[in-house]
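Asks: Chains B and V supply the protein sequences, listed in that same order.
Counting from 1, position 82 in the first sequence corresponds to residue 82 in full-length UniProt numbering; the numbering is continuous, with no gaps.
Counting from 1, position 242 in the second sequence corresponds to residue 242 in full-length UniProt numbering; the numbering is continuous, with no gaps.
It should be emphasised that the hints constitute simulated quantities derived from the structure, not laboratory data.
C-beta: ideal position from N, C-alpha, C; glycine also.
Treat the hints loosely; a few may be bogus.
Label-pair restraints from in silico Cβ distances [stated by the list, open to error]:
id	chain 1	residue 1	chain 2	residue 2	range
1	B	W17	V	G112	50 to 58 Å
2	B	L239	V	H123	31 to 39 Å
3	V	S25	B	D154	30 to 38 Å
4	V	R169	B	A6	43 to 51 Å
5	B	L108	V	G158	49 to 57 Å
6	B	S93	V	G8	34 to 42 Å
7	V	G14	B	R5	50 to 58 Å
8	V	S153	B	T105	39 to 47 Å
9	V	G112	B	L26	49 to 57 Å
10	V	H123	B	G20	26 to 34 Å
11	B	A114	V	L52	49 to 57 Å
12	B	L244	V	G14	53 to 61 Å
Far from chain B, by Cβ distances over 12 Å, these chain V residues were calculated [stated by the list, open to error]:
id	residue
13	P37
14	D149
15	L159
16	Q162
17	M163
18	E173
19	R174
20	V205
21	Q217
22	G221
23	V227
24	N228
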Amino acid sequence: MSRSRAARILDYVWGGWGAGASLLLLTALWEAGHGAYGTLVLPAPRDTFAALWTMSEAGKVLPAVLETSRNALGGFLAATLAGGVLGAAAGASDMMRRLLQPIATLLLGIPAIAWVVLSLLWFGGTGLAVMFTVLITTAPIVFAGTAQGVRTLDGSLRRMALAFRVPAPVLLWDVYLPHMLSYLFPALAAGLALSWKVTVMAELLSGAGGIGDGLASARVQVDTVKAMAWVLAVVGLLLAVEYLLLEPVRRHLQVWRREMPGTGAAGTGGF
Amino acid sequence: MPGLEIRGLSHSFGPQTVVEDLSFSLPQGEVGCLLGPSGCGKTTVLSMVGGLLLPAAGTIDHSFRHPVFVFQDPCLLPWRDARDNIAFGLKAMGVGRRQRLERADRLMEIVGLASDDGAKFPHELSGGMRQRVALARALAVEPDLLLLDEPFSALDVGLRRQMQSLVRRLIAERNLTALLVTHDLAEAVRLADRILVLSPSPGRVAARHHIPEPFVQRDDGFVHCMVNRLLADPATAQALAVELS
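Produce the complete structure using the sequences and hints provided.
Replies: In structure tokens form, the structure reads like this:
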């Protein structure tokens, strides 16, 4: 690519106007909903932001956000490791696939809330219970992506690489990994998004701290403003992860797909 | 006489024998052609010569140090641009990035690619350009033996002719030896000094032909006459009957 890194970053940030406009539209609808149904059902956006600010000043938000991030990322990393290793085995060996696929399907079928209850019984109301829930709900997604990636490795590219007597590290880095990433990355992105949701849910039920715990206490106090403020905190976290981490990585990985039929203009700005 | 010497070569995949008792020699600097219908084991022979397959029986002797393949499918890495694809073989040899990209730039010029094609990804290139990239990738490692596995068969007639001339010119300029696999008799006549006609499965030698005329003399008229002359040989016509019908 001839464009400099700075130009690409500027292009990306400029593309944020679209996302900003869309979020402002949603806020306008929220305001209209507040006008129609009143504060108890839907507090005003301004009050919600003010409540979030007050809670932050009181030192409640940052520790909760960190706690939730630790639970979500811890569980997600464990899931990536377990799902990745087992998925690679299932992709490489037919027997392993037959053995593991039904288990993955079964795990995917069990509702996340059931895992929350079970892990609370097994691990008590601790962060471990939350991480375990994230691990068990996310790992099958990573597993499926990895297995698919390994299974669809292109035999003719491998043959070409062997004909050039390519050493194993180059084979892995230039031939296997880029192909795998095109399957693995969407699975990881979906897994990560799920991790946050499951974490908040598990925290809410376990009282193990974090944003979920804050939501639980808002529910007890019937404080809709506070509840919405916590929702805002989760949404902020999700948006930050999506646009500061996932989207830039996605663009970097997919440069070679630019203007490929059916992929849209992946190389241009805009969210 | 240094070159390629094959004696009593046989190979089977499971119970099925694909190549049986094949012997031929190719002097250094010449273009040999394995000609035969689909499934006669041509690619298997090429794979054995290139060291991708071990022969079940027979010997392959050659003094070449860098055999290199050009496949029917260009087999480019879709996630690397043309320049990096050309430099791929050099990366495998451990050549530094700057040096290999410089060599890739020179080769792009040699195979007739514009310098701004270097930043394009394979899906942004036409079929002919992709095959040029594959050819440049093969030449980048400075081979002494080119193994060409039907490299032009996916191209349309005009492009095929261009690529044939380019390959033949590069072979002459760099004093390469080449072994070409094809099922197209006209292509064999246009490019090869020696033609080995293989019978349908299992592949055995059906006929051998030598074409001494220099490449520059092989115009359409010559190719037409020579094709007819070779088909007048009953063994050649019979081996290729499947293709002709």
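Asks: Taking the hints in turn, state whether each one holds.
Replies: A quick look at each hint next to the structure:
no., hint, in the structure
1, B/W17 <-> V/G112: 50 to 58 Å, "44 Å, violated"
2, B/L239 <-> V/H123: 31 to 39 Å, "32 Å, holds"
3, V/S25 <-> B/D154: 30 to 38 Å, "35 Å, holds"
4, V/R169 <-> B/A6: 43 to 51 Å, "44 Å, holds"
5, B/L108 <-> V/G158: 49 to 57 Å, "53 Å, holds"
6, B/S93 <-> V/G8: 34 to 42 Å, "38 Å, holds"
7, V/G14 <-> B/R5: 50 to 58 Å, "54 Å, holds"
8, V/S153 <-> B/T105: 39 to 47 Å, "43 Å, holds"
9, V/G112 <-> B/L26: 49 to 57 Å, "54 Å, holds"
10, V/H123 <-> B/G20: 26 to 34 Å, "33 Å, holds"
11, B/A114 <-> V/L52: 49 to 57 Å, "52 Å, holds"
12, B/L244 <-> V/G14: 53 to 61 Å, "55 Å, holds"
13, P37, "22 Å, holds"
14, D149, "10 Å, violated"
15, L159, "21 Å, holds"
16, Q162, "23 Å, holds"
17, M163, "18 Å, holds"
18, E173, "22 Å, holds"
19, R174, "18 Å, holds"
20, V205, "25 Å, holds"
21, Q217, "33 Å, holds"
22, G221, "37 Å, holds"
23, V227, "31 Å, holds"
24, N228, "36 Å, holds"
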